[in-house]
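I would like the entire structure built from these sequences, with the hints used as guidance.
Sequence order for the protein chains is A and B. Just so you know, we're using our numbering here: the first sequence kicks off at 1 and counts up by one. Just so you know, we're using our numbering here: the second sequence kicks off at 1 and counts up by one.
Bear in mind the hints are in silico, worked out from the structure with no lab data behind them. Computed from a prediction, not measured in an experiment: that's the story for all the values here. Hints are not guaranteed to be accurate.
Using C-beta positions, here's what the derived DEER-type ranges look like [unchecked claim]:
1) B:Asp142 to A:Asp74: 53 to 61 Å
2) B:Arg232 to A:Ser68: 36 to 44 Å
3) A:Ala51 to B:Leu148: 30 to 38 Å
No farther apart than 30 Å at their CA atoms in a straight line, the calculated lysine-lysine pairs in the DSS-like style are these [unchecked claim]:
4) B:Lys269 to B:Lys252
5) B:Lys225 to B:Lys181
6) A:Lys108 to B:Lys20
7) B:Lys181 to A:Lys108
8) B:Lys225 to B:Lys214
9) B:Lys252 to B:Lys214
10) B:Lys252 to B:Lys181
11) B:Lys269 to B:Lys181
12) B:Lys252 to B:Lys225
13) B:Lys181 to B:Lys214
14) B:Lys225 to B:Lys269
15) B:Lys97 to B:Lys20
16) B:Lys97 to A:Lys108
17) B:Lys269 to A:Lys108
18) A:Lys108 to B:Lys252
Reference listing, derived: stretches of chain B covered by chain A, where coverage requires no fewer than 3 residues with Cβ under 8 Å from a Cβ of chain A [to be verified]:
19) 199-208
20) 217-229
Glycine residues also receive a C-beta, built at the ideal position from the N, C-alpha and C atoms.
Listed below, chain by chain, are the residues.
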Amino acid sequence: MERVPILTIGQTLFVSIQIDLQDESVIRLQEDLAEELAATGAHGVIIDITAVEIVDSFVGRMLTTIGSISRLFDAETVLVGMRPAVAITLTELGLSLRGVRTALNAEKGLEILNGKS
Amino acid sequence: MKVDTANDRMAAFLRDNHDKVVGRWSELAMASVRGRTSLEEVRRELEDLCALIVRVLSRADEHAAGELTAALDELSRSRARDGFTPGETALGVFSLKEAVYELVADAADLVPEFLSFSRMVDDLGLRTFEAYSAAREQIIGDQSAAMLELSTPVVRLWEGIIAVPLVGMLDSARTQLVMEKLLDTLVATGADHAVIDITGVPTVDTEVAQHLLKTVSAARLLGAKCIISGIRPQVAQTIVSLGIEFGDIATKASLADALALALHQAGMKVVPL
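Rendered as structure tokens:
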């Protein structure tokens, strides 16, 4: 099973998903992220999905779940780098990811977390 | 074999009377053309057709049937482009029967041949009808594709602010196209504000609203804030009476107001010099 690495940059956790997400790795990511949030007390999570080309309802729900988990640790989640085709798919699936903030790229995501935007 | 010999005799008859048949046929066909093309042009077209029909009847070569259908298709297509009705086009072909009948009436021994010939002309007439509707459908398809392209520009209003002025009815196909173009532009320009202007959308019903909401939420997933502008008084009344909720999406009366709001959200201000 492939694992998604979680990088800690200051008070922000950075997760870049660059593999085809299997159900197991998704669950593992959620667990890892919860542990990391508890350990570091980070205030923000950036999830980069630039490399994700295919999403289904499971992945869509995962993103919302991660948002909810992070909020329990008082951390804000920003989803960055979504491809247009992925956005259209999620909308057609009826998943608008309420509760998760979005930004065009990682830089803008950081700006949101740092309260500049 | 009987049919073959009958066809051969008809072919021979047509070949012998080629000029007379084509002449009369052109005259009859001209009546349905009503001055939209010249007699010479009709005559030239029909001469080719007549020669092909003779070749098919006499079974001179196996390409003749294919060439005849191709010639008929071409005729129907050009008629469709020139705005003729399919009835007029088919009538032009059917008048060959009349032209031949007038000549056959003098020679009574060709009646059975004429019957089978007449059946063939009927088939040809039907063929023009089919080709005509196919050509028309092609034209309509091309036009709607062209309209789809024309009616969905995405324009840049300011650094980081883009706008989509929508004109005409919004259906699923167009929404899809608008959505794709909008999202691609958001990514390409790195814009984080999008204004969707619906001044040119004649009516907003629940379906159109649904399409708008979809577009907005797709843009939101890319991190862009959307503003819907150009809501006219009647449209506002319809939206309220239909109970459509735009939720937390900002709506403005005019594109100017939307631009002002977007600038404000982007932390910019327009001041007099």
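> Between B:Lys225 and B:Lys181, is the straight-line Cα distance small enough, at 30 Å or below?
Replying inline: Within the cut-off at roughly 16 Å; holds.
>> Please verify whether B:Lys252 and B:Lys214 have alpha carbons no more than 30 Å apart.
In response: Holds, at about 18 Å.
> Taken at face value, is the distance from the CA of B:Lys214 to the CA of B:Lys181 at most 30 Å?
Replying inline: holds, 14 Å
>> With the threshold set at 30 Å, check whether the alpha-carbon distance from B:Lys252 to B:Lys225 stays at or below it.
In response: holds, 14 Å
>> What's the verdict on B:Lys252 and B:Lys181, does the C-alpha distance respect the 30 Å limit or exceed it?
In response: Measuring from Cα to Cα gives roughly 22 Å; hence the hint holds.
> Has the given pair, B:Lys269 with B:Lys181, been kept, meaning a C-alpha gap of at most 30 Å?
Replying inline: holds, 28 Å
> Does A:Lys108 lie within 30 Å of B:Lys269 when you go C-alpha to C-alpha?
Replying inline: OK: B:Lys269 and A:Lys108 at ~21 Å, within 30 Å.
>> Would the hint linking B:Lys225 and B:Lys214 be met if the CA-CA limit is 30 Å?
In response: Holds, because 13 Å separates the two Cα atoms, which is no more than 30 Å.
> Are three or more residues of the segment 217-229 of chain B within 8 Å, CB to CB, of chain A?
Replying inline: With 8 residues close enough to chain A, the hint holds.
>> Run the distance test for B:Lys225 versus B:Lys269: straight-line Cα separation, threshold 30 Å.
In response: holds, 18 Å
> At a Cβ distance under 8 Å, does chain A reach at least three residues of the segment 199-208 of chain B?
Replying inline: Check failed, 0 qualifying residues.
>> 53 to 61 Å was suggested as the range; check whether the CB atoms of B:Asp142 and A:Asp74 agree with it.
In response: holds, 58 Å
Violated hints, in rising order: 6, 16, 19; the structure is consistent with all others.
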